[in-house]
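Trainee: Below are the chains, spelled out letter by letter.
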Amino acid sequence: MSFIDIRQIGPMTTVQDLGRKGLQHAGVSGSGPMDAPSFRIANALVGNDPMCAGLEFAGVGGSFTVSRPVRFAVTGGDVDIRLDGIRAHPWESYDLLSGVTLTIGALRECVWGYLAISGGIDVAPVLGSRSTHLRSGLGGHHGRRLQAGDRLPIGDAVSSINLALGQPWRRSGRPIRVVCGPQDDYFAEDVRQTFLEMAFIVSPTRDRMAQVLDGPPIRAVGGHDIVSDGTCPGSIQVPSSNKLFVLMAERQTAGGYPKIATVASVDLPRLAQVATGRTVRFARISQWQAEELLIAERQALRSVLANLVAKPASNDRPGEISQ
Amino acid sequence: MVKMFPRIHACGDSALSVELCDTIDEAVSERVIALAQNLADAPVNGVEELVPTYRSLMVFYDPETVRGHSLAMTLRLRLDALVVGANHVRRFHVPVVYGGTMGMDLQELADMKDLTVSQLIELHSSAEYRVFMIGFAPGFAYLGGLPEILHTPRLATPRQRIEASAIGIGGKQASINSVPGPSGWRFLGRTPLRLFDPARAEPFLLKAGDRVTFRPVSEDEAETLDRAIAAGRMTGEAVPQ
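Listed in order, the protein sequences are those of chains C and A.
In terms of the UniProt record's numbering, the first sequence has 55 at position 55, counting the first letter as 1, and numbering is strictly consecutive.
In terms of the UniProt record's numbering, the second sequence has 136 at position 136, counting the first letter as 1, and numbering is strictly consecutive.
Next up, chain C with everything else stripped away, as it sits in the complex:
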C-alpha cells in the first residue's frame, strides 16, 4: 500500500470527498468540501474520479511526502507551493516523487485550499463517504483534523498526464445572492431592508459548520425561537444575539432559529472563501434565478473539467520544475 505522510500541517486540515448523501433524515450532515468546485477541479487535474477524497486545508497547508510517485494539484486560491524548495503553481498538476517534500504555504485572499493526490486518499468510507465530519467524529482519518506524523493510505492511480486549466474558472465579485425565507416573515420590513442594504463583516468565528457575520442587529419581531425544522447549506439563522449564522458544509440538519434567507448555492463557496475581517453584502434574487445560476455554473464547471489541457512535457516557464 502507498501512503502520504504528513510532516507539518496547518491547524485545520481534513480528509474530504463530495460528502454524504441521503442520510439527512437520520441527522447526518452532508459535510464535504467548503468550496466544492475548487475541490472537483483539483481531483480532475490529477486524473481522479470525482468521488476520490483529497485534503482540505484552511489558511495554511503543510508539508508532505509520499511513498510512491504521485501526481498532485492544489486549488482554492493563490498559494505558495514548493517541491524541495522549487516553486510550483496552484491550479495545475505536477509529479511528486517519493523522497521529495511538497510544501504548501498560506493561501492569499481566500480561506479554503485543496490538495488532490492521484489515486485519492484511501481511508475507509463511513456511511458512504470519506468526508470528515468533525463535530460527530465521523469519517476521514479517525474523524479528526490531521496532525503532523499522520500517515494516510492513497489509492491506485490511473495513468495520466499533468494537466492545467484550458479556460479560467472565475467567480463573480458581486454581492452574495440570497433567496429570502423560509422565515423572513419573522423580521419586520425595515429589518429585512437593513439585511439587504448594509455590509456585514466576516467574523473570526467560523468553522466548517457555520460562518458568523457581524453587522447591524437583525432582530426578529416573531422571536428567535422556532419549533426546530430542517436546514440546508446556506441557511442564514438569526439567534437572539442578532448576528447572522450562515450554515456551511458541516451544518446540523435541523435548527431552532428563524432563517431570514438562504445563500444561493453558486455563491456559498464564494462566501466560504471571503477572508476574515472582509465585508460582504447581500442581494435578493428569486428561487428561479438562483436555480438558473446554479444550472449555469454547473455547465461552466463541466466545461472547465472537460477542457483541461496537457502541460508541455518540458516546462520552460521560469521558476517551475521540470521533470
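Treat the hints loosely; a few may be bogus.
To be clear about the criterion: a stretch of chain C counts as covered by chain A if any three or more of its residues have a C-beta under 8 Å from a C-beta of chain A, and this derived list gives those stretches [unchecked claim]: (1) 17 to 28; (2) 131 to 138; (3) 223 to 230; (4) 258 to 265; (5) 280 to 291.
Please keep in mind that the hints were generated in silico from the structure rather than gathered at the bench.
Everything numeric in this text was worked out from a predicted model, so none of it was measured.
By construction, the Cβ of each residue, glycine as well, lies at the ideal position given by its N, Cα and C atoms.
With chain C held as given, fit chain A onto it using these hints.
Mentor: Leaving out everything else, chain A in the frame of chain C:
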C-alpha cells in the same frame, strides 16, 4: 400573525420546506411522516432527500431535473390527496440504568420537582414517547410525551461533553444521546443501547414515528446488555405488534 397552512417555502435553489404548522402537534407529525412516505413510495423525479421534522418536511431537489415552482405544485397535490393511514408503529423498550455518572442530574431534578428519586424514575419510565424527528446529530431522537411535571429548562451553560447513550430531558422533550458532545440538557442515566453505530448494518436505531418507553434496569442487567450489544447480539428491544 395569522398564518395559513400548509405553506411551501423556498429554501434557496435546491430545497423546499413544506410547513404544515408552527407548533408541536402529534397529528401534524403523522402527516409530515405520511407525506414523506408518500414521496418515498411514489418518487417525484429530481427529489433527492426528504427530511421530516416536527412540523414540516424538507424536500431537497436537483433544479437541473425539476424546478422548485413546479415541484411545489406537485407537493400541494400530494398533500391534498394525502391519506394518513394506520401505519405500522414500531415500539422500542429502552433499558435505562438511572443515576450513576451519566445520570448526574437525577437527584437534583428530583429535589427541584419535590419528588423522590424513585417517583421521578416511575414518572419517566411510565410514559410512552413518540419520536418526532431525528436530527441535530446522527441518530439523535427528539422524543415527545414527557410528563409535564418533568418539563425542565435547559442549563444556562451547556456541559462540554455528554456521552452517547445518556438519557436526557430538555424543555418539554426527552432524548437519548446518540453521539458524544456538548449539551445543556439534564441527564438521568444511561442505556446500553446504541442509537447510532456506523459499523452496524442498520446504523440508526430509531426513526420519526417510532414509539419509545424506558425500562429501569439494574447495573448488573445493564452490564449483561452492554456485553451482548458489544458482541453484536442485539441492537434494540423492539416490541412486536
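Trainee: Hint by hint, note whether the structure agrees.
Mentor: Hints, one by one, checked against the model:
Against chain A, the segment 17 to 28 of chain C contributes 8 residues with a C-beta closer than 8 Å to a partner C-beta. That satisfies the three-residue criterion, and the hint holds. Beta-carbon proximity to chain A at under 8 Å applies to 4 residues in the segment 131 to 138 of chain C; the threshold of 3 is reached and the given coverage holds. Beta-carbon proximity to chain A at under 8 Å applies to 5 residues in the segment 223 to 230 of chain C; the threshold of 3 is reached and the given coverage holds. Look at the segment 258 to 265 of chain C against chain A: 5 of its residues bring a Cβ nearer than 8 Å to a Cβ of that chain, three or more, so the hint holds.
Coverage of the segment 280 to 291 of chain C by chain A holds. Counting CB-CB distances below 8 Å, 4 residues qualify, and the rule asks for three or more.
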